[in-house]
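**Student:** As they're listed, the protein sequences go chains A and B.
Take the first sequence: its position 156, counted from the start at 1, is 141 in the working numbering, and no numbers get skipped.
Take the second sequence: its position 4, counted from the start at 1, is 16 in the working numbering, and no numbers get skipped.
These are calculated hints, taken from the structure and not from any lab test.
One or more hints might be untrue.
Derived BS3-like pairs (lysine-lysine); straight-line CA-CA distance at most 30 Å [as the list claims (entries may be wrong)]:
1) K209(A) <-> K20(B)
2) K230(A) <-> K209(A)
3) K21(A) <-> K135(A)
4) K255(A) <-> K20(B)
5) K135(A) <-> K79(A)
6) K230(A) <-> K138(A)
7) K135(A) <-> K20(B)
8) K79(A) <-> K21(A)
Taking beta-carbon pairs under 8 Å as the criterion, some of the chain B residues facing chain A (in silico) [as the list claims (entries may be wrong)]:
9) N18
10) Y22
11) G58
12) I60
13) P83
Virtual Cβ for every residue (Gly too), placed ideally from N, Cα, C.
What follows is each chain in one-letter form.
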Amino acid sequence: MKEIVQQYLQENATGDLVSWKCQLEASHRFSLPLAKTEELILEARLLPARYQRNRDTFSIEQQRKLFHSCVAVIGCGGLGGHIIESLARLGVGKIVAVDPDIFEEHNLNRQILSSVDFLGWSKVALAATRVADINPAITLIPVKAAFTAKNGKELLQNVDLAADALDTVASRLELAEVCEEIKIPLVHGAIAGWFGQVLTQYPGERTLQRLYENLSQSIGAEKKLGNPAFTPAVIAGIEVAEICKVLLGSGQGQTGRIISVNLQDMEMEKIEI
Amino acid sequence: MPMLVNVKLYASFRTDRFAMESRHYPSETTIRDVVHELSLQEDELGTILVNSRRAGLHAHLADGDTLALFPVLSGG
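Chain A on its own, in the form it takes in the complex:
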């Protein structure tokens, strides 16, 4: 069966590119989910045409690796919405989206998944709709719940990496501890006003725990400075670049530091910690 499908894909490819139309036809003809067709395309060393501008940043083998990856996005607000959007466009195969909240009016200034028609709707439900609109070959698992130390292990089961898009120090520290316990890497991002920070850590490094040591009850500068539209977009973008490097195995050697971003002075600095 697999050979027959791949032969069909080969015959209908343009060069090594398989158009979305062809991917849909193959799924229909062979009664396969779109995700399975995508897997077979990449396995045959072909490329879904939607990813042609991903190269040569990513090879077909790397695209395949992204497809077989699972990323949990914890928080689906300003940072999380942009992260989910980018992961789906990049072709990361599975996304677990965790957030207990619904969209409210004060989210509209920056949260890409929010819109006036869907105020009051669940953030994770809209994340699933958005991903289905962008890239139906990607699976998004919506979890309408708050991440806690208690449910964390279960939420991150079979996940390759967690992306921190939370909005309190205490919940971030809980996420970092769960990642440590189950030994998965964590990419952290946080924002306030014109400013943001990103850090990546592998199990055992505890950079985030050092950064926020004794600060678990602190109120972040964002309470005073707010969060304008551009800051989550920039910081989420950096988080996704970090996520790609970790998933593709090239993220080692760039840890033990925070990336501090200042959009007022247009500075980005790596700070060892």
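Starting from the known structure of chain A, arrange chain B on it as the hints suggest.
**Tutor:** Just chain B now, with coordinates in the frame of chain A:
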């Protein structure tokens, strides 16, 4: 003995202050002294690094130290 400390401020702490300055302080100066001198609110202070290592407000500074002060960022 007066000492020279490189003080680096991040994010909103720079507003109406500076990004980095080498500043003179008397010996026995603590991080809290510098924080007060710069009119920073203690409850807005996040990570404090001295020569890339976490430090507390009570710690004494030494000649040539680099002190970095960050507000807490936790928005998402």
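**Student:** The structure should be examined with respect to each hint, and the outcome stated for every one.
**Tutor:** Here's how the hints hold up against the structure:
This hinted pair checks out: K209(A) and K20(B) have alpha carbons roughly 22 Å apart, not beyond 30 Å. Restraint check: the Cα-Cα separation between K230(A) and K209(A) comes to about 33 Å, which exceeds 30 Å; the hinted pair is violated. Distance hint between K21(A) and K135(A) is unfulfilled; the C-alpha atoms sit about 33 Å from each other, more than 30 Å. At roughly 13 Å between alpha-carbon atoms, K255(A) and K20(B) fall within 30 Å of each other, so this suggested pair holds.
For the given pair, K135(A) sits about 23 Å from K79(A) by alpha-carbon distance, which is consistent with the 30 Å threshold. Taking the CA atoms of K230(A) and K138(A), the gap is about 24 Å. The hint holds against a cut of 30 Å. With a C-alpha separation of about 39 Å, the suggested pairing of K135(A) with K20(B) is violated against the 30 Å cut-off. Taking the CA atoms of K79(A) and K21(A), the gap is about 12 Å. The hint holds against a cut of 30 Å.
Interface hint status for N18(B): violated, as the beta-carbon distance to the closest one in chain A is roughly 13 Å, over 8 Å. Checking Y22(B) against chain A: minimum C-beta separation of about 6 Å stays under 8 Å; hint holds. Checking G58(B) against chain A by beta carbon gives a least distance of about 6 Å; that is within 8 Å, so the hint holds. Proximity of I60(B) to chain A is violated relative to the hint, the smallest CB-CB distance being about 10 Å (cut-off 8 Å).
Checking P83(B) against chain A: minimum C-beta separation of about 4 Å stays under 8 Å; hint holds.
Hints 2, 3, 7, 9 and 12 from the earlier list are contradicted by this structure; the remaining hints agree with it.
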